[in-house]
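Hey, can you piece these two chains together into the complex? The hints should help.
If you read the sequences in order, they're chains A and B.
So the first sequence is numbered by full-length UniProt numbering: it starts at 1 and just counts up by one.
So the second sequence is numbered by full-length UniProt numbering: it starts at 1 and just counts up by one.
Be aware that a few hints might be false.
What the hints assert, rightly or not - Covered by chain B, according to a simulated footprint, are these stretches of chain A (three or more residues, beta-carbon under 8 Å): (1) 90-100; (2) 201-209.
To be verified - Covered stretches of chain B (in silico footprint by chain A; criterion: 3 or more residues with CB under 8 Å from a CB of chain A, positions within the stretch not fixed): (3) 338-348; (4) 353-366.
No lab work stands behind these hints, which were simulated from the structure alone.
All residues carry an ideal CB built from backbone N, CA and C; glycine is no exception.
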Amino acid sequence: MSIASNASAGAPRIHLSQDMQQIIYRLLAAGLLCLALSLATDAFLTSNNILNVLRQASLLFFLASGLTLVILTGGLDLSVGANIGLSACLAATVIKATGSPILGTLTGLATGCVIGICNGLMVAKLRIPSFIATYGMLWVLHGITYYYMAGETIHGFPPGFRQIGSGHFLGIPIPVYLMVGFLVAGTVFAQRTVWGQQIYAIGANPVAARLTGIPIDRRLILVYAFSGAMAGVASIVFLARLNSAEGDIGEALTLPAIAAVLIGGASLFGGVGSVFGTFIGALILTLVLNGMNLLSVNANWQPLVTGVIVIFAVWLDMYGRRKA
Amino acid sequence: MRAVMDTTALIEPAPPPAPDRAPLLELRGISKNFPGVKALDDVSFGVWPGEVHMLLGENGAGKSSLMKVLCGAYQADAGDYFHNGEKIEIRSPADARRFGIAVIFQEFSLVPYLDVAQNIFLGREFASAIPGIMDRRRLYREAQAVLDLIGLDVDPRTKVHSLGVAQQQMVEIGKALSQDARILVMDEPTAALSDRETERLFEVMRQLQAKGVAIVYISHRMAEVFALGDRITVLRDGKLVGSALPGETSPDELVRMMVGRNVDMSYPRRFSTAPGELVLDVRNVCAANGIRDISLTVRSGEIVGLCGLVGSGRTEVARAIFGADEVTAGEVHLFGKSHSGGPAATTRAGVGLIPESRKSEGLALIRTVSDNLAVAGLPKLFPNMMFSRGKARRSAEELIKRLRIATPSPNQNVALLSGGNQQKVVIGKWLAAGTRLFIFDEPTRGIDVGAKSEIFALIDQLVAEGAAVLMISSEQAEIVHVCDRAYVMRGKRIVGELSRAELSEENIVRMGMHDD
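Chain B with its partners taken away, still in its complex shape (with noise of 0.2 Å):
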């Protein structure tokens, strides 16, 4: 991590911005709703020729939908397109890549078993002398000048999935730049990249600048933000927060920037003084699926959150401490003595995980809601085996009651319930298997403010009654309001934690961004 900031720090001073001239591409009051919300508000936004633009903001502020109606994959409701001073329109992926557009996202789009030199030239294969056949030579030939200008050395014809992540982030942006772009937008583009990669990426970027081309950066490395950006913008709930200079700023105004104030919401949390025993205790933790050197502890009557950027591997801890994935090193113990072993044998122990995505993880959406409540009880419900419709008919009433679980029948399909009753649908199946460690991935994704406040309700009594809860969150208000401690992730390890008195958003953001 250090040395990543090391040699970010290397990069010269950016070139002053040149605010007299038109934008080259600007967009005035653009605005996207989604049902239930509201993506982008009102959010107006330019980037001149040679400067490198930041876009900075939590999950879900917006970047993303606002990266996508750049490059015309989604449609603006409302706001105006200008280009050079023009009212352009812009409505497909075409219109964009004509004005010079070009996106890299994170997920590449490249075609793992064409070569390097078909995948920059998809789409536009040049033809031969004789029809329909295309000139292979002249295809490798242009790559490879594609390949000479961003300093990539690997054959045009080697095939893409042999490539290491880096080289297919120079491949993405070796096709942007075959494409004439004019305009770069890029997603997070050092997230996957080694320093050395990230040294020679940024060298590409400064000769793109001096040829006039404008990039659009979206960082959360603050000291990539201020050694590369020339102006900075902060998105927060969809709506623009401000755009600054980097001389005039700091990380620490940004960062406040990033957080704001949220919108009212009611969290229901009776803290209790005395933790109780020890339920949880993870110790040096590294498992398969990418995480190292967790530990961490959950004590009953405790509610811990577990907080990071997306893909910090927040739900790998999760995951491994479940025994969904492999641990390799280290140890959990739980109620004081040592565990292993996969989801059964974890579920057997007393956890429950209740998944991020509830409809692919956590339910069975062709079956009853009866049945979905029945099924991780099963073997507490019917100790002899025998299972008895009638007797898991009675228990899933009495968890609709507990839980208000709003169906017109235990009989329901659970497919019809709106997502917060599917949630609690999720919950009540490991009330029904008596589980007292409940780890709740993103509890509240996708689900309405009056439902979130009933989770949380929710959440507050299984504590109170004893029952320990770690939870994952990309809601920091969610975690400053309803947690006793917190660990925060960054790459793939805890990196600290906070006790309920330093508990805060901006500290949580502060230690889950890069090199701050």
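Looking at chain A on its own, in the form it has when it is part of the complex (with noise of 0.2 Å):
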């Protein structure tokens, strides 16, 4: 008697909350995806190739770490994607003017992070619904950028600038860096800091946090200013890789964030996902077309792999959190 209730009261018992789990399998498929890439082809384990998923993998996560918060709260942002495209070609132009890099590189941060506080304004203030708000947005910013280009390429920047988006340091890309440092703060913030508690809370039911006395129309634009300036980010890298400013530069991004934070674990509902689990995403996301490239599969058919990881992975969160 007194030994078996020893026996169960000494077990360890491993309690792994749903979000640890969701981590762990999500490692676990990319650790797998690497494991079978090595295997299938020669190319995948080099330090070349490595070091070129990092950096591709890079851009997805700016624009996906601020579109996580975003999710978080249960909104969403469509117009990361137009934003890249305005920040990118208002910094270019002020690079070209000014002949300096710093002036630029904060005008691209500074008209991301405007767009997002509008956004936030939009959704905080006038309650428009996230989804229309920056859809509406995307459109808006489509047309300021297309008019403001008139169907010009603006290009060449000093090599300084163009460091940020190709350079090295001790063999890794400059982006890479970057993404590890927006990683770790990005997860300092949600987790660590009341601001990202709250940010859960607001997610997981906006009408008990605000009778909690969370302050959530400050939280929220806040959420989206963030989202904006990930884009500046976003917007800054890609044009000091790309060398040249488009109107379209960002267009094609939008839809690939959303879906490596889904990857991720997030839920468009709200109040479950995270900064780390975003960034896995984007890798798995990066691995998966990564490895179609050296297996030289037709391109054409990474939109559909792309499509079917994103309800996969929805819906094993949706089965594991039915069964638990």
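Below, the structure is given as structure tokens:
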């Protein structure tokens, strides 16, 4: 009797929260993908290719990390791709006009941030559903950018600026350092600050959060401003890498960024997800695309595969939650 | 309020009932159970043609359940139905319609973007000669006839959403009559009507009576009960208390029947003789949510009740004080200082709201007990704004012990807790925030008896430690046993204050009822 009870009490009970399980499954999936790709191709497990994957993932991650916070509140930001377009073009103009990469970079970040604040004000103060507000913003930004650029391209930036996109430090691409920096900062913000906790609470139940005294409007504006600012960051890195700016520069990035957040385990209903999960989501998405390239699969299949992965990842989470 | 009484008093005495005939519809021994609740317990009830049968009872007495059983929305667990003395079965709303039973609920079932005629004949549109095409001319002609019958002067092509509440009410009645209703059930039909519209409705009701339609009428207005009723039936706690003829009873007797004696339940409360400093001082407040000229005070060490019927504006007062709904006039003083602002500012000032719907407004159900216990006190627990999971967990463990929340771990999902324990979590989150004024809105809604006592013991402990409590409750027994004082609301206003000595269920009901 006593032995039995001792045994059950003494047995180490590993209690993993739902969030922890999600992360572990995703890490396992990413690991399996790497293993399979290194067995299937010789080209995968080379430092060149790995760094290439990380650099590609970084651009996706900048956008997706900002989006993660928005999605945690139960919202969505569809304007991030268009935001990149305008931010990059204005940054490029300033660099050309002043010759100062620093002023240009600040212009790009500020433009992204201001667009985000506008989104936040529409959602928090005017109570426009975020899907509609940011979808409208997408068109407005495209309109402004296309009018401003009038089909022109701005190219040729100082080498120092281009280092942000294509430079290396200790053999590792600069964008990868940036990604790690934002990963740490984003995770600390979401998990280890009062504001981060309040963002989770808002997404979990906005009515209860308001009646609990959380200043919802301010937090929402913050979150959309952050998403916009991260689009600004992405615009600078993209600009520096491409060495040219066009109006439609970021258009193709919005939906992959949303995919990365969803593959990373966030719920579009809000309150569930993490910046680290999104990081793995961006990594998985990039790994799959990289693997398809290496295996010479027709590139036209890539959207299909992305769609299947998103649906599968979300279904798996829902299945896990139903069972719990 | 007085004006309503005057118009209703003008109505001539109702014709005497005809109990020698078999009732048009009779229910015998109806019982209906929900998990943990006996909504209806052996209720028998009958209506005769051409009579208005008044149905009275407090909130939760079983009136709505009885209506739903009548119209086939609920199926009784036990009991029989008789139509003109013959046993019948009512298993669905369609069955009920076949026997001419039509119900007009307080929440209308009209489709706002269809017009009046389309609503009246919804699902019964007239076919034209061409298959699949409806006969619009006949639709509007028939609708006009219905409108003429009820004396409603609107174009049948008017969209329902552009009608006033009273006109919508009349459309509902027209819809019921067009279905050839022989038994019309109405739930507080005059609640939203003006005096003139009320008069018009009573006129229509008298015409229907003359045609032999039986009417079951739920009301909270004593004047209506005596002016219109041919027979009065009182329900309490799902049981039939009794029936009476208007000439043989009095408002006072009816109130006593409605209140009755209560199931035994302990209310731990140590009353203190000396209330402390003034914590909440509301002066002549009006708010966008409709409340008018509200003045009330709460002192530390006091539990002050806020009672009245559902819809009298109690929750709206709580929301206005808390800053959840906009205050348009008047002043709120908290802890001696003038206060304005939303829930965030009010919370910072030391006020906590324990809302009526715990699950949708009080808790984040997808999060853990620990998360929910920390969420209101985050700025207080972590003044440097850096969050620590360990510290939040320790704070949660302390509260779990203090409030005796039954949960296997602070990491348990709060959705998996029982109602009573969830309520303790909502209270606990304010304890973590250092709240000194607690506003409870129906603190025991959906909680079993044992947990209720615990919640009240907790509230008692809070005020003993110097907190102030404003408590809304539909259960008069709670107010009577627990409160130092209580305000009674009716029609979005405070109509009276009862001291500890005056607090009784009879007084609360009497004050809260219309026109007594």
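A quick look at each hint next to the structure:
1. 90-100: violated (count 0)
2. 201-209: Satisfied; 6 residues make the cut.
3. 338-348: holds (count 6)
4. 353-366: Coverage by chain A holds for the segment 353-366 of chain B (9 residues, Cβ < 8 Å).
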